[in-house]
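Engineer: Sequence:
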Amino acid sequence: MDRYGEKQQQQQMFASYVDASLLAASGEVQGERPRARRRRRRGARCVGGGGGGGEVDGGDPKKRRLSDEQVEMLELSFREERKLETGRKVHLASELGLDPKQVAVWFQNRRARHKSKLLEEEFSKLKHAHDAAILHKCHLENEVLRLKERLVVAEEEVRRLRSTAGSHTASGEGGDIMGLGGSGACVAGSPSSSFSTGTCQPPSFGGGGGGGDHLGDDDLVYVPEYGGYADNSVVEWFSLYGLI
DNA sequence: TCTAATCTCATCAGATCCAATCTGATGAGCACATTAGA
Numbered sequence: 001m002d003r004y005g006e007k008q009q010q011q012q013m014f015a016s017y018v019d020a021s022l023l024a025a026s027g028e029v030q031g032e033r034p035r036a037r038r039r040r041r042r043g044a045r046c047v048g049g050g051g052g053g054g055e056v057d058g059g060d061p062k063k064r065r066l067s068d069e070q071v072e073m074l075e076l077s078f079r080e081e082r083k084l085e086t087g088r089k090v091h092l093a094s095e096l097g098l099d100p101k102q103v104a105v106w107f108q109n110r111r112a113r114h115k116s117k118l119l120e121e122e123f124s125k126l127k128h129a130h131d132a133a134i135l136h137k138c139h140l141e142n143e144v145l146r147l148k149e150r151l152v153v154a155e156e157e158v159r160r161l162r163s164t165a166g167s168h169t170a171s172g173e174g175g176d177i178m179g180l181g182g183s184g185a186c187v188a189g190s191p192s193s194s195f196s197t198g199t200c201q202p203p204s205f206g207g208g209g210g211g212g213d214h215l216g217d218d219d220l221v222y223v224p225e226y227g228g229y230a231d232n233s234v235v236e237w238f239s240l241y242g243l244i
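By the UniProt record's numbering, the letter at position 175 of the first sequence is numbered 175, and the numbering carries on one by one without gaps.
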């Protein structure tokens, strides 16, 4: 016996063992009904009863494959109609020189294989859709991350520019940074405006008054989106990021 | 309502190739499959 034969034998032995165990466990030995579909009995393979196109006259239990022509005819018939009425079955069987039982069995198997193929295709489609959705989700998550990073950078830049502008105005000569006559402007809530000394001067931008480099009117532009005045560098930055 | 034919499902096993797949065939169906015709 070759390796394949040995394997088959082992499988059969195992299956017999499992069968016996299941039988015992299911209580069939005590006369109870099994709950599950009963397994086919081993060795119950029927040799007679239709058994194979080429063995009608012989007693050879070996399975014979249908010829290409027979399969082709059966396929054609299957494509026309997947169910097999008795008349069609008998007609096909006589045309193909097969037993009607064989034709019926062929159709049963063909239906089963057709169904499993359809299921396989459906599964494949669903899997592709699922993979695409996962990929799209990853892209979206990456995009969110990138946007968050940009936001952090932008916020840092805003803080830096605010403090720069604040120091410019704060380090001026104590006052009229925008030519508005004030001695300085305060920025509410700005931690960098701790040296604000003068009266608040709205609409003012950036930092306290008094001291620091004096910026002329030409250097400052009122930016509504910003809520105040900004110098050219800030305006540039705003336009760069499309904020104005 | 009864019954024979037929269905689906799970499985076996031979054939083709060398492990895995294809395919013809069988058996069960369990609060006992469903369906169609007598």
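Worth flagging that the hints you see were computed from the coordinates, not collected in a lab. Mixed in with the good hints there might be a few duds.
Stated by the list, open to error - Pairwise CB distance ranges (calculated):
| # | residue 1 | residue 2 | range |
| --- | --- | --- | --- |
| 1 | S116 | E69 | 18 to 28 Å |
| 2 | D99 | R79 | 19 to 29 Å |
| 3 | E69 | R113 | 45 to 55 Å |
| 4 | R146 | S124 | 53 to 63 Å |
| 5 | L135 | S67 | 41 to 51 Å |
Using N, Cα and C, we set each Cβ at its ideal position, and we do this for glycine too.
Engineer: Now tell me, hint by hint, if it's right for this structure.
Structural biologist: Each hint tested on the structure:
In this structure the hint that S116 and E69 lie 18 to 28 Å apart at CB holds, the actual value being about 25 Å. About 22 Å separates the C-beta atoms of D99 and R79, a value consistent with the hinted range of 19 to 29 Å. Here the CB-CB span from E69 to R113 is close to 20 Å, at odds with the stated 45 to 55 Å. Separation of R146 from S124 is about 33 Å and departs from the stated range, judged on CB atoms against 53 to 63 Å.
Restraint check, L135 to S67: a C-beta distance of roughly 48 Å satisfies the suggested window 41 to 51 Å.
Hints 3, 4 from the list above are not met by this structure, while the remaining hints are.
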